[in-house]
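J.: Residues per chain, in single letters:
2 protein chains.
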Amino acid sequence: MTLKEARSALMTLQEKIAAYGHAMSVIYYDGSTTAPKGTAANRGRSLGVLSEEVYKLQTGPKTVKLLEFLDAHKARLSQEEKRMVFLMLKEIRYLQKLPMDEYIAYEKLLVEADDVWHRAKDTSDFALFEPYLEQIFDTLRRFAKYQDPEKDPYDYWLNEFEEGLNKEKCDAFFGALKERLVPLIAKIGKAEQVSDACIKGDFPEDKQEELAHFLMKLIGLDLDHVGLSTTEHPFTTSLGSHLDERITTHYYREDVSFSMFSVVHEGGHALYDTGSRDEFAFTVLDGGVSMGIHESQSRFYENILGRSRAFAYVIQPELRKLFPKNFAKASVEDIYKAVNRVQPSLIRTEADEVTYSLHVMIRYELEKRIFAGELKVHDLPAEWNRLYKEYLGIDVPDDKHGVLQDSHWSGGLVGYFPSYAFGSAYGAQFLKKMKETVDVDRCVAEGNFAPINAWLRENIWQHGSLYTPAELLDRVLGEAFDPMVYVEYLEAKVKDIYGV
Amino acid sequence: MTLKEARSALMTLQEKIAAYGHAMSVIYYDGSTTAPKGTAANRGRSLGVLSEEVYKLQTGPKTVKLLEFLDAHKARLSQEEKRMVFLMLKEIRYLQKLPMDEYIAYEKLLVEADDVWHRAKDTSDFALFEPYLEQIFDTLRRFAKYQDPEKDPYDYWLNEFEEGLNKEKCDAFFGALKERLVPLIAKIGKAEQVSDACIKGDFPEDKQEELAHFLMKLIGLDLDHVGLSTTEHPFTTSLGSHLDERITTHYYREDVSFSMFSVVHEGGHALYDTGSRDEFAFTVLDGGVSMGIHESQSRFYENILGRSRAFAYVIQPELRKLFPKNFAKASVEDIYKAVNRVQPSLIRTEADEVTYSLHVMIRYELEKRIFAGELKVHDLPAEWNRLYKEYLGIDVPDDKHGVLQDSHWSGGLVGYFPSYAFGSAYGAQFLKKMKETVDVDRCVAEGNFAPINAWLRENIWQHGSLYTPAELLDRVLGEAFDPMVYVEYLEAKVKDIYGV
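Chains B and Y, in that order, give the protein sequences.
Numbering follows the numbering used here, with no gaps: position 379 of the first sequence is 379.
Numbering follows the numbering used here, with no gaps: position 352 of the second sequence is 352.
Just so you know, the hints here were simulated from the structure itself, not pulled from any lab data.
Treat the hints loosely; a few may be bogus.
Which copy? The list can't say, so a pair holds if one copy fits it or any two copies do.
Claimed, not checked - DSS-like, lysine-lysine: derived pairs with alpha carbons at most 30 Å apart: (1) Lys321 x Lys37; (2) Lys4 x Lys108; (3) Lys16 x Lys62.
For reference, chain B alone in the conformation it holds in the complex (with noise of 0.2 Å):
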């Protein structure tokens, strides 16, 4: 094999496996959106098939033999090449050091251990899913030591989610939040609150999607290329490659601001993944780099441009000739407060911006103190329902609003929460690097969101997942990622609107 012919199947090889994600994030999108109720098990069939296939092409022999070879001539590689040959490569490495038996017990552990997850939630019975669940951390701390036995295995996780992520950045970056937070919290609940009334109602469904197309074109999505569906839970995906992107909202007839802030949101994540460059459709390049380089811009829009006081100046109108009833005597300044009401609340992703990345941290510090062994699964429950109380003065009553509530664990994903508040932290930091050339908040109140998207686009979406997320903060913010100025951001817009 030449280099250039390794080259050449390195782009074949890339192809193929887009095109069999493409195959299985369509079945899965369909299953979400508009499959029959009594189909899941035919899907499951040809999910089976397509991921065995998928798998032989991308850690098979011929494929280990051509990123082997294309390895060793690196020197000789474009740096896109190279990252690719390394990712690629890591996933193999992978599974290479995971003994081929305990891989697959792990696998039928986790189909399980949902099933059972979503019984358990049903029931609020978290006995019934704790021997699961034990399961899946004594797994996971054992893979870590596979994959490096030096290194501590909760911080070999939050590496994985988030690479550059340990505890160290994360005990800085919560306990700077802890300490600013929780009493911000406090003096909220004791000033005057503000209505979240006119966002409250009855909201009918065809004009809740008119207000979701509309948001769609506000923030600058190519609706050519980005299309909308209802489901259960709004999520994102790319179909194939950037040039096929999907999002979906879920309407609330009682309540606009829902789907509003889900389309948004969700719009966030599409904008990021479609501003790829085209040259990466269908390489592993393409779309975005990590979960919190994606929750960065997923909630940039959500939040930060979403829930600003010029956000409610542009959408203002649109609401009004939508839903006449509710917003006719609503001002600017009832709507912004509506969106911004600060209330502790019981479940994460319902949470305001502010409290929000408490429940993460909670999330952090019991996966944390699990792994060191300080924290047994038994005693899970009782433990989140005292740092509810003690960060967010809350009752938590029963496992199903509480430590049931998340689909994460049972699907194996410890240490992947930080990355959602980390991702809403570095959005901040954007923003006010962002600032220093383009008038945000005059552009969001002109509904011209052009400005914003082409410094993001040039900055951080072109490069999909060409450089790793520090590499790519690096590259942005030119300083250190500081997690105060997100602290900061939060205190000033609470100040804004609580006054404290």
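Chain Y: place on chain B using the hints.
T.: This is chain Y only, laid out in the frame that chain B set:
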């Protein structure tokens, strides 16, 4: 390889092929239903990869070896396995007899021809399409000779699309139709016309969708396994297996009957597919055996049941509920007559039950004469227009509404049209047979489709592709196919409605 291993490998192979089929079908389905409009090229790229992968799987040396081994031991295979091996080998044998360069050139020609046909149709410019159509006919003549040098090329292609069909059978069939239907249509033209006023008006899409679901349930579709979406052109597709079936419709605000009969027509296809034995799922025996039998089912539901007086009776209350303005004063008789209005028209897919077969017959005659060298492609438009005048009494204003209307020829589907007409005729003979044991009119009038569906499931649906169309007809009818049953069915209906 032991026989036991080979039999097991046969099932695994089919499951894989079905999973690829699932992937490609759902990508196509997504493209027709919800995909953003700028994403076709992205889908094409993935479809290209997946179709190449499944092609290698279907025709690769490992597959050939397996199938030839099983074929050599067919005495020890079950009836089902024998048919599987036969069907899978058939496709391989076909390809083995074609020079690879000619096959590739033809695939390329079809891609171009499809594009050119679209443009030619838009601008009503047959000259643009003519050289491509000439090449398609030439290639098909050559390919037929490669397959069977002794056989007449058109007979070869007729048999490809409907096993057992040839010119002799078509001539007899269309001859009988022509002799009786052409004068019948002329008589209708002179008779008192019926009104279709009640089905024309303004019918909101959401109400039409309600009607669609009502009809799906009425004819006995299992909505847990059959979904409904909207597309430009209605179609039916299975995803993976008959356990996940989708039909589509198109709502015209000004005409309630289009979607109504689309749903019942596609519903007939879906009933046939979903009626396959469950153990046929993920095998080549799953779903209907041929276009002709498939159309016999769809057109049975659409026309024989759906355009019966009993059907008008059973749907009248629902029509009145959903569209009170339009149907408050419409009697069962008004509805029955409105949906059975006979009117010679230009477009095959919009033709009524009586004139439909003549549209097909015209295409058959033209194809036959081109294959026989009696007609040049260049002279097709003039000949097309002449036959429309002769048989249907109408003038074709341009090629867009004439010879360029169908997509079949640009896709290489020559010899395909007759199966539409045969399907209609099979249905009439099935009805006659069914009436020996089922009180069809009473069942329909009572909205009790179970006995009808049970009869069709027992006799046709459950067998999937196990029997050839000819074998299936023999089993169901116990007598020879007789086109006069269909002619008499149409004549009786016309008599009932027009009194002529």
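J.: Now, for every hint given, state plainly whether the structure supports it.
T.: Do the hints match the structure? See the list:
1. Lys321 x Lys37: Answer is between: at 27 Å across copies they meet the 30 Å cutoff, but 36 Å inside does not.
2. Lys4 x Lys108: between (41 Å within a copy, 28 Å between copies)
3. Lys16 x Lys62: both (14 Å within a copy, 21 Å between copies)
In the structure shown, no violation is registered for any of the earlier numbered hints.
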